[in-house]
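Peer 1: Spelled out from the first residue to the last, the chains are:
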Amino acid sequence: MPKYHLHDLMAGNVRFANGNPVAQKATAHRAELALSQAPYATILSCSDSRVPVETIFDHGPGDIFVVRVAGNFVNDDGLASIEFAVAKLKSTLVMVLGHTGCGAADAAIAALDGEVFPGQIGRLADALARSAEATRGKPGDWAANTVAENVRANVAALSARSNILADGVASGELLICGAIYDLHTGKVDLLT
Amino acid sequence: MHQSISRRSLLSAGAGLAALALDAGPLRLSALASQADGKSHLAALMAGNARFAAGTSHCTPATARRAELANGQAPFVAVLGCSDSRVPVETIFDHDPGDVFTVRVAGNFATDTGLGSLEYAVAVLKTELIMVLGHSACGAVKAATQAVKGETFPGHIQALATAIEPAAKATEGMSGDWLANAIAENVRMTVKALTAQSNILADAHAAGTIAIVGAFYDLHTGKVRTLG
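These protein sequences, in sequence, are chains A and B. Just so we're aligned: 93 in the numbering used here is position 88 of the first sequence, and the numbers increase by one with no gaps anywhere. Just so we're aligned: 514 in the numbering used here is position 120 of the second sequence, and the numbers increase by one with no gaps anywhere.
All clues given are correct.
Derived pair list, reagent style DSS-like, types lysine-lysine, alpha-carbon separation capped at 25 angstroms:
#, chain 1, residue 1, chain 2, residue 2
1, B, K536, A, K95
2, B, K563, A, K93
3, B, K536, A, K93
4, B, K433, B, K586
5, B, K617, B, K536
6, B, K563, B, K586
7, B, K543, B, K563
8, B, K536, B, K563
9, B, K536, B, K586
10, B, K617, B, K433
11, B, K586, B, K617
12, A, K93, B, K543
Calculated from the structure, these hints are not laboratory results. Quick caveat: nothing in here was measured; it's all calculated off a predicted structure.
Only chain A is shown next, with the shape it has when bound in the complex (with noise of 0.2 angstroms):
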């Protein structure tokens, strides 16, 4: 069930990267949906305003329980809240989703090169730090490999930091995936 419910997500990105979204926006499911949420899908995404999530994956209210932080990453916070949505509203699928020309990544690349933030913005540098040190120096594009990285990182944080996501996966209940969006060509690419 998982592995179909991933194939209807990537079924609502391409209708969105070819510009004919279908997805039920307004009023149909209201009333019965103001008395409970079962999504099917819990994505952990960034902030970034050119990434909302069920306007990309073409998809309406009620279908997909979102947690979004500048830079995609888990923390304590954005973990309860997959918990929430895996062990209470029975969600079979997790994404972790990056994208293309992240501010945090680039972020974490100049504090490695000294660079200093205010406030508490350092600390989304600091989270994807690793990332960006683990991909220097490596072929390609320093940014895009540290996007990558972080994604394929916080995919193998979720079951590493929590027991209840772990042994979702265990059972075969659950799938964490992590994939990557493009801003030039507005499609999903999974990661392998």
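Knowing the structure of chain A, use the given hints to seat chain B on it.
Peer 2: Same frame as chain A, now just chain B:
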């Protein structure tokens, strides 16, 4: 698309970081930014919600501005909302990609990295309006009311209930529905926490470059109302 976007050139990611380095001191008062802008942004946001609630959404989340947006973002509003699947922020405000910077966590409260994200929106992207958005029948706030009664939750979920417990405690025994009162109180407390816990947001608010509002989304009507 909200018209204020066209008044400002889009920041490239690189230029954004450069601007951030320059702005590391106290925030400069932009000639364009004012609380009047904050009010017009709020009006644009609420007009979008009225279209959504009426079933007349007209945004076209397709390919129109994709190439332009790939070079940078300049969202006019940052929303701290709940992870609940029934509250897709851009959808309920009928706004397009590029318009709304969005932080979402179950219970829409201020976390360290959520604050860092909002600071990034204000300091780097020059967002002029922040909205904290709660909603009816919030499961995280309900968990907080249950925690007040002594219930415990598995895994990290307990931390959510604990974070929201002050709003549940403050409204226990008040007239009306406890959950609804706790949801509104949680929004008010979070609005206050933004400036109490962030110098960047407090300075921008004091200088009048940003407005901060609390709001409530009704799952039954689809309508958002601002909280006083």
